[in-house]
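Protein chains: 2
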Amino acid sequence: MKKLINDPSSVVRDALIGIAAAHPELRIDHENRIIYRGDTPKKGKVGLISGGGSGHEPLHGGFVGYGMLDAACAGEVFTSPTPDQMLEATKQVDGGAGVLHIVKNYTGDVLNFEMAAELAASETGVAVESVVTNDDVAVQDSLWTAGRRGVGVTVLLEKIVGAAAEAGQDLAQIAALARRINESGRSMGMALTSCTVPAAGKPTFDLPEGEMELGVGIHGEPGRTRVPTGTARDIAAQLVDPILRDLDFVGSPVIVMLNGMGGTPLLELYLMFGEVAAILNRSGVTVARNLVGNYITSLEMTGCSVTVLKTDNDMLKLWDAPVNTAGLRWGA
Amino acid sequence: MKKLINDPSSVVRDALIGIAAAHPELRIDHENRIIYRGDTPKKGKVGLISGGGSGHEPLHGGFVGYGMLDAACAGEVFTSPTPDQMLEATKQVDGGAGVLHIVKNYTGDVLNFEMAAELAASETGVAVESVVTNDDVAVQDSLWTAGRRGVGVTVLLEKIVGAAAEAGQDLAQIAALARRINESGRSMGMALTSCTVPAAGKPTFDLPEGEMELGVGIHGEPGRTRVPTGTARDIAAQLVDPILRDLDFVGSPVIVMLNGMGGTPLLELYLMFGEVAAILNRSGVTVARNLVGNYITSLEMTGCSVTVLKTDNDMLKLWDAPVNTAGLRWGA
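If you read the protein sequences in the order shown, they are chains A and B.
So for the first sequence, full-length UniProt numbering puts the first residue at 1; every next one is plus one.
So for the second sequence, full-length UniProt numbering puts the first residue at 1; every next one is plus one.
Treat the hints with care, since some could be wrong.
No copy is singled out in the list; a pair is fine if it fits within one copy or between any two copies.
Stated by the list, open to error - With a straight-line cut-off of 25 angstroms between C-alpha atoms, the simulated SDA-like cross-links for lysine to any residue are:
1) Lys202 x Arg233
2) Lys2 x Thr225
3) Lys43 x Val12
4) Lys2 x Asp241
5) Lys42 x Trp330
6) Lys202 x Arg245
7) Lys202 x Met1
8) Lys2 x Gly230
9) Lys2 x Lys202
10) Lys2 x Arg233
11) Lys2 x Pro228
12) Lys2 x Ala127
13) Lys43 x Asp29
Hint data in this document are derived by calculation from the structure and do not stem from the laboratory.
Treat the numbers as computed from the prediction; the structure is a model and nothing was measured.
My request is simple: use the sequences and hints to build the entire structure.
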């Protein structure tokens with residue numbers, strides 16, 4: 001295993017020290033491993049928190065800031081944060097208007113966020129709503145989930161509800177918007193190579209030359225099928241077709257994210273986006289906005305995922321609103 | 001070789017199609033492989049162009065836009081663009097105030113930009129100045145250069161002179177500023193693994209488990225020495241010490257870039273930044289600004305580089321000025 005770390009047991013702690021050094025505008029609670037906006041809580045604004053295992057950066061810590069999250073709880077690599085972390089973050093970000101928990105559908109995350117919400121209700125009286133994302137069309141159930149996994153839509157959701165919270169929408173409106181976004185988005189990913197969890201010290205899976213994992217999860221968990229690698233054009237079709245079969249995107253403007261798994265060159269991600277955009281155009285789907293880059297990663301895995309989100313003019317306005325985070329920044 | 005491409009011979013062409021689809025605000029000349037700002041030439045503004053081999057994205061094409069470059073010429077992977085491309089870009093971006101060529105010190109780039117500048121003088125009368133960056137302290141001469149290689153300082157230089165051009169400085173001022181930035185910055189990189197050039201089909205070099213290439217170049221060319229891997233803390237010292245020995249940074253605010261080579265997880269880059277910042281603090285160097293992420297890459301190589309740039313208040317103001325490009329964006 002070759003990694004730029006000091007010790008497998010201190011990766012997350014040490015990375016948080018680096019994040020604190022790089023981003024003085026954020027407030028880092030090193031003990032509880034929570035990344036906060038410097039100005040949270042904002043009186044009257046709904047607080048937005050998310051969190052999950054580390055190793056998916058910039059998700060979620062890189063999306064803390066104006067127009068997006070108030071806080072992100074960092075678990076160990078590919079391991080859910082604890083209910084205590086989530087409860088602490090919930091208390092800290094409440095500005096009197098309640099808090100939304102944004103949870104990717106993995107069993108550990110879902111259980112721990114549920115427990116945190118119950119504790120918040122009984123201990124603090126903070127109003128909490130939750131949305132669980134489950135946009136991955138690859139598999140129905142998986143190693144780590146009952147039901148579909150939550151992946152790329154989470155990024156787009158955090159941006160859009162972040163803007164809604166900034167605009168003063170209330171908790172019920174924001175929770176409804178969040179659920180509508182999740183229902184309107186679909187994702188599918190693939191891997192050319194595995195990642196290596198520092199504590200494990202060896203690749204999560206073996207993927208021989210000439211093969212790829214279609215529908216891979218963001219922890220390297222198995223996808224739909226292992227198939228021969230192909231051209232970028234073939235791979236784009238294998239990612240986009242299942243998405244288009246799962247939901248009708250024709251007639252609405254869509255946001256497309258071509259996401260790198262962490263180890264793929266940006267040159268290849270743009271090349272893939274060209275292929276994906278061509279398929280969508282031929283299918284009559286209108287690409288209104290896009291993101292190309294590393295947004296929800298799996299350590300150094302090579303591969304990519306496609307997320308397509310059906311929107312409307314109101315959602316696009318929220319998408320275009322200013323955002324100022326380490327991982328996503330415009331118009332601010 | 002596992003890559004998200006259609007064919008090794010069409011990688012750059014296909015990626016430019018993707019860039020055009022993702023960034024309607026840019027203008028892409030597919031025949032000449034040049035990425036332009038949509039609004040270039042701007043009357044009275046000095047035009048800024050750069051270019052080089054592809055495979056280092058977001059450099060340079062990702063830095064085309066408001067507050068940074070007017071155009072970037074894309075060569076084949078790790079291969080200089082041609083004088084014809086550079087000449088065409090020079091003509092297109094001239095708004096009557098002349099054009100600055102920003103050139104990384106590699107023999108092919110330097111010769112071709114020189115020829116383009118001569119052609120521009122004889123054919124068009126456009127005033128051209130050139131700056132050649134050579135900030136890499138790793139080696140004195142190398143496979144591909146006479147003298148030091150140009151690396152990370154190029155990113156910081158493009159941002160700062162981009163702001164100066166936007167502010168209306170003239171060609172002589174901007175060329176002098178560019179040279180001062182190059183003289184004030186130093187870089188050092190390392191690799192844990194090789195990259196694979198698509199046309200070659202196999203890794204550029206072999207790097208066994210337990211070893212790293214210290215002072216590696218951005219094309220995978222050899223560095224100072226091959227040494228055992230160590231902790232992030234050790235590696236940070238091996239990168240920062242040669243930089244601090246080469247130039248005195250004490251007493252001036254510095255900009256630090258912790259750059260990923262393309263395949264390194266962001267979690268590790270932040271961890272490394274924490275170690276680098278700690279060393280600089282202990283050495284009495286004041287880190288005023290920073291960048292952490294993939295800015296000048298080597299395809300999917302894992303590893304990182306450190307760039308330290310000595311600045312002053314004027315330079316920091318130009319750094320902080322709005323920029324709006326795919327690869328760097330704030331305050332705009």
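Status of the hints after comparison with the structure:
1. With identical chains, the CA atoms of Lys202 and Arg233 are at most 25 angstroms apart between copies only, with a shortest distance of 22 angstroms across copies and 31 angstroms within one.
2. In this assembly of identical chains, the alpha carbons of Lys2 and Thr225 lie at most 25 angstroms apart only when taken from different copies (18 angstroms versus 28 angstroms within one copy).
3. Taking the shortest alpha-carbon separations for Lys43 and Val12, neither the intra-copy value of 31 angstroms nor the inter-copy value of 50 angstroms comes in at or below 25 angstroms.
4. Within a single copy, Lys2 and Asp241 get their C-alpha atoms only as close as 36 angstroms, which misses the 25 angstroms cut-off; across copies the closest is 22 angstroms, which meets it.
5. In this assembly of identical chains, the alpha carbons of Lys42 and Trp330 lie at most 25 angstroms apart whether taken from the same copy (21 angstroms) or from different copies (23 angstroms).
6. In this assembly of identical chains, the alpha carbons of Lys202 and Arg245 never lie at most 25 angstroms apart, being 36 angstroms within a copy and 37 angstroms across copies at closest.
7. In this assembly of identical chains, the alpha carbons of Lys202 and Met1 lie at most 25 angstroms apart whether taken from the same copy (6 angstroms) or from different copies (21 angstroms).
8. For the identical chains of this complex, Lys2 and Gly230 are inter-copy neighbours only, at 9 angstroms across copies versus 28 angstroms inside a copy, given an alpha-carbon limit of 25 angstroms.
9. For the identical chains of this complex, Lys2 and Lys202 are neighbours both inside a copy (10 angstroms) and across copies (20 angstroms), given an alpha-carbon limit of 25 angstroms.
10. In this homomeric assembly, Lys2 and Arg233 come within 25 angstroms of each other (Cα to Cα) only across copies, at 14 angstroms, whereas the closest approach inside a single copy is 32 angstroms.
11. In this assembly of identical chains, Lys2 and Pro228 lie within 25 angstroms of each other by CA distance solely across copies; the values are 11 angstroms between and 27 angstroms within a copy.
12. Taking the shortest alpha-carbon separations for Lys2 and Ala127, neither the intra-copy value of 45 angstroms nor the inter-copy value of 49 angstroms comes in at or below 25 angstroms.
13. For a Cα distance limit of 25 angstroms, the shortest separation of Lys43 from Asp29 inside one copy, 21 angstroms, qualifies, whereas the shortest one across copies, 50 angstroms, does not.
The structure does not agree with the numbered hints 3, 6, 12 stated previously, though it agrees with the rest.
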